[in-house]
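A.B. asks: Each chain is listed here by its residues.
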Amino acid sequence: MKKTQFYILFLSLLCSMTAFAQNDTVKVLDEVFLTDTKLKDFSTGQQVTVLNDSVLKKNGALLTSALNFNTNIYFKENGLGMVSSPSFRGTTASQTAVLWNGININSQFNGQTDFNTLNVGGYDNVSVRGGGGSVVYGTGAIGGTVHLNTNLDFSGKTKQDIFLQYGSYNTVDARYKVKTSEKKWRLSIAAARNSSDNDYEWPIGNRENENGQFYNNNLDLGLAYRLNKKNTLKFYSQFFDGERHFSLIRSSETKTKYTNLNTRNLLEWVIEFGDFISVSRFAHLNENYRYYASIVSEDNSFGKAKTIIGKYDLKYAASKTLEFNGVLTNTYTDGSGSGIEENTRNIFSSALLMKHRPFQKFQYELGIRKEITDNYKSPLLFSAGTNYDFTEFYSLKMNISRNFRIPTYNDLYWAGAGNLDLRPETSNQIEIGNHFKYKDFKLSLTGYYIQIDDMIRWLPSVGGLWRPRNEEKVETSGLEVLANWRKQIFPNHQMGVSGTYAYTVSKNSNTGYQLIYVPFHKATGAFTYGFKNLSIDYQLLYNGEVFTRSDNNSQYNMAAYVVSNLGFSYDFGRKNSYKIGTRVLNIFNEEYQSVENRWMPGRNFNIYLNLNF
Amino acid sequence: MKRRSKLLAIAILSGLFLNSCSSDDDAINEPEKEQPEGNYTNGFFVLNEGSFGNNNSTVTYVSNDFSTNEIEIFLKANDESLGDTGQSITFDDDYAYIIANASNLINVVNRYTFELVGQIDSGLVSPRYAVVENDKMYVTNQGSYEDSEATAFDDFVAVINLETLEVEKTIETNTLLEYIHEENGMIYVQNAAFGSGNGITVIDSTIDEIIDTIETEDNLISFEIEDGVLYALSSAILEKIDLITGEVISEIVIEQGSASNLQIEDGMIYYTIGTKVYRLGLNDETAPEAPVLEYSSNSTYGGMYGFEVEGDYIYTAEAPTFTENGTIRIYDLNGDLTTEFDSGGIGPNGFYFND
Chain A
0 MKKTQFYILF LSLLCSMTAF AQNDTVKVLD EVFLTDTKLK DFSTGQQVTV
50 LNDSVLKKNG ALLTSALNFN TNIYFKENGL GMVSSPSFRG TTASQTAVLW
100 NGININSQFN GQTDFNTLNV GGYDNVSVRG GGGSVVYGTG AIGGTVHLNT
150 NLDFSGKTKQ DIFLQYGSYN TVDARYKVKT SEKKWRLSIA AARNSSDNDY
200 EWPIGNRENE NGQFYNNNLD LGLAYRLNKK NTLKFYSQFF DGERHFSLIR
250 SSETKTKYTN LNTRNLLEWV IEFGDFISVS RFAHLNENYR YYASIVSEDN
300 SFGKAKTIIG KYDLKYAASK TLEFNGVLTN TYTDGSGSGI EENTRNIFSS
350 ALLMKHRPFQ KFQYELGIRK EITDNYKSPL LFSAGTNYDF TEFYSLKMNI
400 SRNFRIPTYN DLYWAGAGNL DLRPETSNQI EIGNHFKYKD FKLSLTGYYI
450 QIDDMIRWLP SVGGLWRPRN EEKVETSGLE VLANWRKQIF PNHQMGVSGT
500 YAYTVSKNSN TGYQLIYVPF HKATGAFTYG FKNLSIDYQL LYNGEVFTRS
550 DNNSQYNMAA YVVSNLGFSY DFGRKNSYKI GTRVLNIFNE EYQSVENRWM
600 PGRNFNIYLN LNF
Chain B
0 MKRRSKLLAI AILSGLFLNS CSSDDDAINE PEKEQPEGNY TNGFFVLNEG
50 SFGNNNSTVT YVSNDFSTNE IEIFLKANDE SLGDTGQSIT FDDDYAYIIA
100 NASNLINVVN RYTFELVGQI DSGLVSPRYA VVENDKMYVT NQGSYEDSEA
150 TAFDDFVAVI NLETLEVEKT IETNTLLEYI HEENGMIYVQ NAAFGSGNGI
200 TVIDSTIDEI IDTIETEDNL ISFEIEDGVL YALSSAILEK IDLITGEVIS
250 EIVIEQGSAS NLQIEDGMIY YTIGTKVYRL GLNDETAPEA PVLEYSSNST
300 YGGMYGFEVE GDYIYTAEAP TFTENGTIRI YDLNGDLTTE FDSGGIGPNG
350 FYFND
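Taken in sequence, the protein lines are chains A and B. The letter at position 291 of the first sequence is residue 290 when you use numbering that gives the first Met the number 0, and the numbering goes up by one with no holes. The letter at position 277 of the second sequence is residue 276 when you use numbering that gives the first Met the number 0, and the numbering goes up by one with no holes.
Bound-form chain A, shown alone:
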């Protein structure tokens, strides 16, 4: 074990050393204020969709809704605001990695991120990248990655943004952001609060959504300080405190609730010297959840994990067109919980990346990563991507990679059930993307194929005990379409249309059946039209029929649904920097559910005020 560790360390050093010998570019200085630069630098052959602040204000505060209406990711939501798990390119919930300013924040306990425990008000943009990414982002980056970013790349005077929204079911969505900068430093603070009684009427049985109330408070901080020409310090911090009651199907059920308290801190020290950029990172993540099996009692089951990450990242620009990057990471986790004795685990990883643009139209990148840990046998991960611009309006992207999802604390250590012999889930995947661009119109068609081995599943074993095992193989293939058109048609008239469509076939290789809760078809659409100070926007979400039974017994299928939202807004104030608006959600009052017997709300309303100064 030790030997391999040394070998990899040596290898990566060696590569950086050879690269040291050459020397010739000038850095664009402002780049130092960018966050998650890996996303920008190492996405060759893949597509990144960015949801900016204005898009994030169109849907509710919980991240599920924004992603559901704007991306190909399918969500399974146990009723509005309740547990929400994604399926990205037909993969499972723990095969989508969520990165906060470049740091993987999927739960140590179940390997997933519940997208209703993230408040979009805390971020400046949310980027979504389809396809593999484990070489850079580690565990879970199989279906794709979701990046939550704080932007420190700004200058000028202080800007404040207040967003207040009030809607049906006593739903409050309040967000405040301030960004300020001096020559040497940047500061960004975001605070957000979201709460709701969430007692919407169910379309059946003359019932209300009972015990579904929730709240969350979110505080985010970003600070960059340029010590001198070479040295910059950056600090990111996040605090999330949320409580959700879990809604009932029947009033006689026991009322339960769930709380999350998460803190995330990240310190970065960037040194620029010559053609090198060295980034040292130190991150501290604290994850706490408590589940109250009955709200009348203080008794709860809990999980708490503390993760400390040390990361050293050295980038070398050998020329204007050739870049090398070595990353060494050590992740130490100390976790415990009800049913989990305190366990620590240490994972050391080393990754090497290179990017080369041998001629103007062609770019490729290569990456490898290997982890060293006592916890599981770690596969060698790799990725390779190319972009080729045939003409101005057509380019071809290709990416091939091997990625993984490591066993979680629950999988390994759950008392009496955990299985220490688990292997990571590994994927081999390829994607080819055709990208068209004509004037204001952009279109991409991406086809992909993913083969996942050693899927970890919890299944009943002898004596009725549920235990995790490396049980299944899954093959997923599909087609993604993203389209976007935006134009000023006449003076004062602005128009924009965008849409996504995903066709997904995700099959259990043993049985040949489509995975449950993976729709063959998902589509989204958005239309905006602005005339002078007035604007109108329309959003559409279509989720096709899904199987809820693993033998694809269609008798129990969940019906397809179409949900539409309509919004109006009016800009006013000096420089039109104030906005007042209203939205009608689920305007056609579609009766729908994404999980069996977990109804979603019908038509509902909100009004909002947005002040920028």
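No lab work stands behind these hints: they were computed from the structure. In this text the structure is predicted, and so the values were computed from the model without any measurement. There may be inaccurate statements among the hints.
Chain B is faced by these chain A residues, among others (derived, beta-carbon under 8 Å) [what the hints assert, rightly or not]: (1) 252; (2) 292; (3) 293; (4) 298; (5) 515; (6) 595.
Part of the chain A face toward chain B, derived, beta carbon under 10 Å [unchecked claim]: (7) 204; (8) 249; (9) 253; (10) 442; (11) 444; (12) 549.
Straight-line distance between alpha carbons at most 20 Å, and here's what the computed EDC-like set of lysine to aspartate or glutamate pairs gives [unchecked claim]: (13) A:254 - B:145; (14) A:256 - B:145; (15) A:256 - B:153; (16) B:75 - A:570.
Just so you know, even glycine gets a beta-carbon here, dropped at the ideal spot from N, CA and C.
Dock chain B against chain A, hints included.
C.D. replies: Just chain B now, with coordinates in the frame of chain A:
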């Protein structure tokens, strides 16, 4: 709300016409009586518990000659689901009481038509199994599920007045609770669940108080009572205990371990290990070596999620993954497969003979 009180009124009214004869054992042949009316008079029910949290428990009716099979009969009769995680069914007089564990709910239906006549929807916390005695129903409740190392337990027996359908009393044992049986006016409750715990609490149904605890081996799985003898199965030992004195009469070691599903039918003892069924006589002193039957299933997980021996047949239920319907296989007493069919729901866990 209105609807519920109406149902309650119906339940109370029908309660008035209940005759107080309680049948406490399926095996007792009642004297000739008029054939009841309804679609489900001559067969048995399969309870499918459904997937937890999805309110999709169902009941399938199968005729005694296995020729008819009707799924989702509760849904059809009442236009709604019977609840979340159907745990067990208890018959009394013309009624079937269906316990929905995660809904904290007992639906009371006419056992021949499956039409809803009442509901017990308060005072229960994770109800599991029930027996009826003296016009009262005794229901084990597990409360919140304590972990195996817990020292304090919130499990209790709820005593329900069958005329009002209200919980009148709760009896706490400070143990885990699971199966419940009645014998000569005494209620016997298993102080063990999911393979941990031991002992049987005895409740006198005339005073509804605990009067005794019978000790058993650890890791008690299930128990049966037959002719004054208590048969207690722990994973590797079958104990015979004198019901009156609590003395252990004999012990049979089951070497393979992991035994479950104890049944006594027509003078024979049955239990299962994995997907194998074993049988021995009431007076046998050693465990049988060869199984009566074994099935292998296409799904790797198999399991005897439900098991019952009744008359000339052995009934087995397999719940493959809890994301698809289960499979029912019925064998004759020689272990030959008689018939096999889809259980009509997720997680079939029990057979209830409507005769």
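A.B. asks: Looking back at the numbered hints, which does the structure fail to meet, lowest number first?
C.D. replies: 10, 11, 16
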